[in-house]
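Chemist: Sequence:
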Amino acid sequence: MAVDILLKIEGVDGESVIDGHEGEIDVLSWSWGMTQSGSMHVGGGGGSGKVNIQDISLTKYVDKASTNLMRACCNGEHLKEAILTV
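Residue numbers are given in our numbering: position 63 of the sequence shown equals residue 63, and the series is strictly consecutive.
A couple of the hints might just be wrong.
[Stated by the list, open to error] In silico lysine-lysine, DSSO-like type, Cα no more than 30 Å apart, as pairs:
#	residue 1	residue 2
1	60	8
2	64	50
3	60	80
4	80	8
The hints are simulated quantities; they were obtained by calculation from the structure and are not laboratory data.
Given these sequences and hints, build the entire structure.
Modeler: Set out below in structure tokens:
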């Protein structure tokens with residue numbers, strides 16, 4: 001089953017030609033997660049530990065957005081908003 005995953009970042013143009021998402025960045029895959037340790041003791045209930053939230057990771061083709069994304073990373077530029085559509 002094919003799924004279209006797109007990333008829209010203000011000021012960064014991609015190469016999508018999908019209706020309604022023209023100029024967005026085509027994403028091949030993405031992942032995001034979190035973990036929380038727990039503890040079980042004899043005679044007591046389970047306790048929860050501190051949550052560990054992972055970074056969002058994206059995989060995309062090298063395209064016309066790549067240079068602008070690399071430049072933003074190298075310059076420490078803050079990208080105001082990114083919308084991931086799955």
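Chemist: Does each hint hold? Answer for all of them.
Modeler: We went through each hint and held it up to the structure:
no. : hint      : in the structure
1   : 60 <-> 8  : holds (13 Å)
2   : 64 <-> 50 : violated (40 Å)
3   : 60 <-> 80 : holds (20 Å)
4   : 80 <-> 8  : holds (11 Å)
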